[in-house]
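2 protein chains.
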Amino acid sequence: MSSRYEIRLSGSGGQGLILLGIILGETASIYENKNAVQSQSYGPEARGGMSKSDVIISDEEIDYPKAYNVDFLLALTQQSFDRYTREVKKGGIVLYDSTLVHSPREGDYRLIGLPLNDTAIKDIGKSMVINIVSLGAIVKISNIVTIENTEKALLKRVPKGTEELNKKAFYAGVNLAK
Amino acid sequence: MSSRYEIRLSGSGGQGLILLGIILGETASIYENKNAVQSQSYGPEARGGMSKSDVIISDEEIDYPKAYNVDFLLALTQQSFDRYTREVKKGGIVLYDSTLVHSPREGDYRLIGLPLNDTAIKDIGKSMVINIVSLGAIVKISNIVTIENTEKALLKRVPKGTEELNKKAFYAGVNLAK
Chain E
3 MSSRYEIRLS GSGGQGLILL GIILGETASI YENKNAVQSQ SYGPEARGGM
53 SKSDVIISDE EIDYPKAYNV DFLLALTQQS FDRYTREVKK GGIVLYDSTL
103 VHSPREGDYR LIGLPLNDTA IKDIGKSMVI NIVSLGAIVK ISNIVTIENT
153 EKALLKRVPK GTEELNKKAF YAGVNLAK
Chain D
3 MSSRYEIRLS GSGGQGLILL GIILGETASI YENKNAVQSQ SYGPEARGGM
53 SKSDVIISDE EIDYPKAYNV DFLLALTQQS FDRYTREVKK GGIVLYDSTL
103 VHSPREGDYR LIGLPLNDTA IKDIGKSMVI NIVSLGAIVK ISNIVTIENT
153 EKALLKRVPK GTEELNKKAF YAGVNLAK
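Protein chains in written order, with my numbering: chain E, 3 to 180; chain D, 3 to 180.
Since the hints were derived computationally from the structure, they do not count as laboratory data.
If you're wondering where the values come from, they're calculated on a predicted model, not measured in any experiment.
Glycine is no exception: its CB is placed at the ideal position from the N, C-alpha and C atoms.
Misleading hints may appear alongside valid ones.
Coverage of chain E stretches by chain D, computed from C-beta distances (three or more under 8 Å per stretch; other residues unrestricted) [as the list claims (entries may be wrong)]:
1) 22-30
2) 96-106
Listed below are the simulated DMTMM-like cross-link pairs for lysine to aspartate or glutamate, each with C-alpha atoms no more than 20 Å apart in a straight line [as the list claims (entries may be wrong)]:
3) E/Lys-158 - D/Glu-47
4) D/Lys-124 - D/Glu-108
5) D/Lys-68 - E/Glu-62
6) E/Lys-68 - D/Glu-63
7) E/Lys-154 - E/Glu-34
8) E/Lys-162 - D/Glu-165
9) D/Lys-68 - E/Asp-65
10) D/Lys-128 - D/Glu-165
11) D/Lys-124 - D/Asp-110
12) E/Lys-142 - E/Asp-120
13) D/Lys-158 - E/Glu-47
14) D/Lys-91 - D/Asp-110
15) E/Lys-68 - D/Asp-61
16) D/Lys-142 - D/Glu-34
17) E/Lys-68 - D/Glu-62
18) D/Lys-68 - E/Glu-63
19) D/Lys-162 - E/Glu-63
20) E/Lys-68 - E/Glu-47
21) D/Lys-154 - D/Glu-63
22) E/Lys-92 - E/Asp-120
23) E/Lys-169 - E/Asp-125
24) D/Lys-170 - D/Asp-110
25) D/Lys-68 - E/Asp-61
26) E/Lys-68 - D/Asp-65
Looking from chain D toward chain E, a few residues come up when the C-beta cut is under 7 Å (computed) [stated by the list, open to error]:
27) Asn-37
28) Ala-48
29) Thr-101
Please work from the sequences and hints to get the whole structure.
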């Protein structure tokens, strides 16, 4: 059985999905001794304002760095939900924002709706930390890396002076997913 | 003839190579209507402190997102120079930091040494902008995207309040490569 795990983070530009992917990749590789590839591909969709960031985590070397059989999809807009759920594998997980995605279509995947954006706004006071709230929820739900190691990678990546804010956002996401 | 152009940015963690890759990818895709893939793969080398960021730019859709025939290598440490020059294609370009890389081995590529780090320290006062100085040099040397469009993408990506500093670093790199 392959240990390959594919995570796709999708939404709109400005939601910080690249940073979210980088933190997941660094957690897996630097703190958990796994291999990881993090990538963004930009095509016509990027010019339309969509954003997508992929992370592949594996115990083995990663030969093919593109996601094609997604284990875990984060969808922060309706457009990204509609576009990417079709690439989720049977039995995979789809985590969506329950306010920003109005029509979460069911399929051969496990659907989880959480108020990620509302939590960023109400609990933290900044909708721009939706990516870090999402990070907490993804790690809690997927168990692909530990919460402790993710916190380490997170604190190393965020700008100085924003550590406490980001830590609070991260654990708000963890608690939301409990 | 393929329009595919592969750029590899290599050095050590903390030199900001991921951000450099993201800005190049966004310049090509959002401002120049091309396709781009930007990726970092993390393996044992990442745990050893090496850092690598790849950008592939193409007029066509990018099927294979991994660099395998590098057109342009940036090497900001001796270790990364030694490791990655072997993946540069015949006739490709190797831009290295002339202070940080002590033994630039010659090969079937065009070698260009520039004091990128010294410029970041002396002209800008911050070695952490070595990535943005390098961005200016890469764009000037490769012509893969325009200087004007890169400036737009750069200013959209850097933290508020640091625009002037980064613009200065960028043009210091452009001038260095003239």
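So, going through the hints one by one against the coordinates:
Figure legend: the stretch 22-30 of chain E, annotated as covered by chain D; annotation consistent (4 residues with Cβ-Cβ distances under 8 Å, at least 3 required). Closer than 8 Å: that is the beta-carbon criterion, and the stretch 96-106 of chain E has 0 residues meeting it against chain D, so the requirement of 3 is violated. Distance restraint check for E/Lys-158 and D/Glu-47: the Cα-Cα separation of roughly 18 Å lies within the 20 Å cut-off, and the hinted pair is therefore satisfied. For the given pair, D/Lys-124 sits about 28 Å from D/Glu-108 by alpha-carbon distance, which is inconsistent with the 20 Å threshold.
For a cut-off of 20 Å, the pair hint linking D/Lys-68 to E/Glu-62 stands: about 17 Å separates their Cα positions. The hinted pair formed by E/Lys-68 and D/Glu-63 meets the criterion: a straight-line CA distance of about 13 Å does not exceed 20 Å. Of the pairs offered as hints, the one joining E/Lys-154 and E/Glu-34 holds, with about 11 Å between alpha carbons and a cut-off of 20 Å not exceeded. With a C-alpha separation of about 18 Å, the suggested pair E/Lys-162 and D/Glu-165 falls inside the 20 Å cut-off, and the hint holds.
Restraint check for D/Lys-68 and E/Asp-65: the C-alpha separation of about 9 Å stays at or below 20 Å, so the hint holds. Of the supplied pair hints, the one linking D/Lys-128 and D/Glu-165 holds, its CA atoms being roughly 14 Å apart against a limit of 20 Å. Distance restraint check for D/Lys-124 and D/Asp-110: the Cα-Cα separation of roughly 33 Å exceeds the 20 Å cut-off, and the hinted pair is therefore not satisfied. Only pairs whose Cα atoms come within 20 Å are accepted, and E/Lys-142 paired with E/Asp-120 is accepted, the gap being roughly 18 Å.
Taken as a hint, the D/Lys-158 and E/Glu-47 pair is honoured in the structure, with Cα atoms around 18 Å apart against an allowance of 20 Å. Restraint check: the Cα-Cα separation between D/Lys-91 and D/Asp-110 comes to about 8 Å, which is no more than 20 Å; the hinted pair holds. The suggested pairing of E/Lys-68 with D/Asp-61 holds, with an alpha-carbon distance near 19 Å, which does not exceed 20 Å. Only pairs whose Cα atoms come within 20 Å are accepted, and D/Lys-142 paired with D/Glu-34 is accepted, the gap being roughly 16 Å.
A threshold of 20 Å between alpha carbons decides the hint, and for E/Lys-68 with D/Glu-62 the separation of about 17 Å falls inside it, so the pair holds. A hinted pair counts as satisfied when its Cα atoms are at most 20 Å apart, and D/Lys-68 with E/Glu-63 qualifies at roughly 13 Å. Distance restraint check for D/Lys-162 and E/Glu-63: the Cα-Cα separation of roughly 38 Å exceeds the 20 Å cut-off, and the hinted pair is therefore not satisfied. A distance of roughly 17 Å separates the Cα atoms of E/Lys-68 and E/Glu-47; the hinted pair therefore holds under the 20 Å criterion.
Taking the CA atoms of D/Lys-154 and D/Glu-63, the gap is near 24 Å; set against the 20 Å cutoff, the hint is violated. In summary, the hint linking E/Lys-92 to E/Asp-120 is not supported, as the alpha carbons are separated by about 29 Å, beyond the 20 Å threshold. This hinted pair checks out: E/Lys-169 and E/Asp-125 have alpha carbons roughly 12 Å apart, not beyond 20 Å. In summary, the hint linking D/Lys-170 to D/Asp-110 is not supported, as the alpha carbons are separated by about 33 Å, beyond the 20 Å threshold.
For the given pair, D/Lys-68 sits about 19 Å from E/Asp-61 by alpha-carbon distance, which is consistent with the 20 Å threshold. Between E/Lys-68 and D/Asp-65 the alpha-carbon distance is near 9 Å, which keeps this suggested pair within the 20 Å criterion. With 7 Å as the threshold, the beta carbon of D/Asn-37 comes within range of chain E, its nearest partner Cβ sitting at about 5 Å, so the hint holds. Checking D/Ala-48 against chain E by beta carbon gives a least distance of about 5 Å; that is within 7 Å, so the hint holds.
Checking D/Thr-101 against chain E by beta carbon gives a least distance of about 27 Å; that is not within 7 Å, so the hint is violated.
Violated hints, listed in ascending order, are 2, 4, 11, 19, 21, 22, 24 and 29; each of the other numbered hints is respected by the structure.
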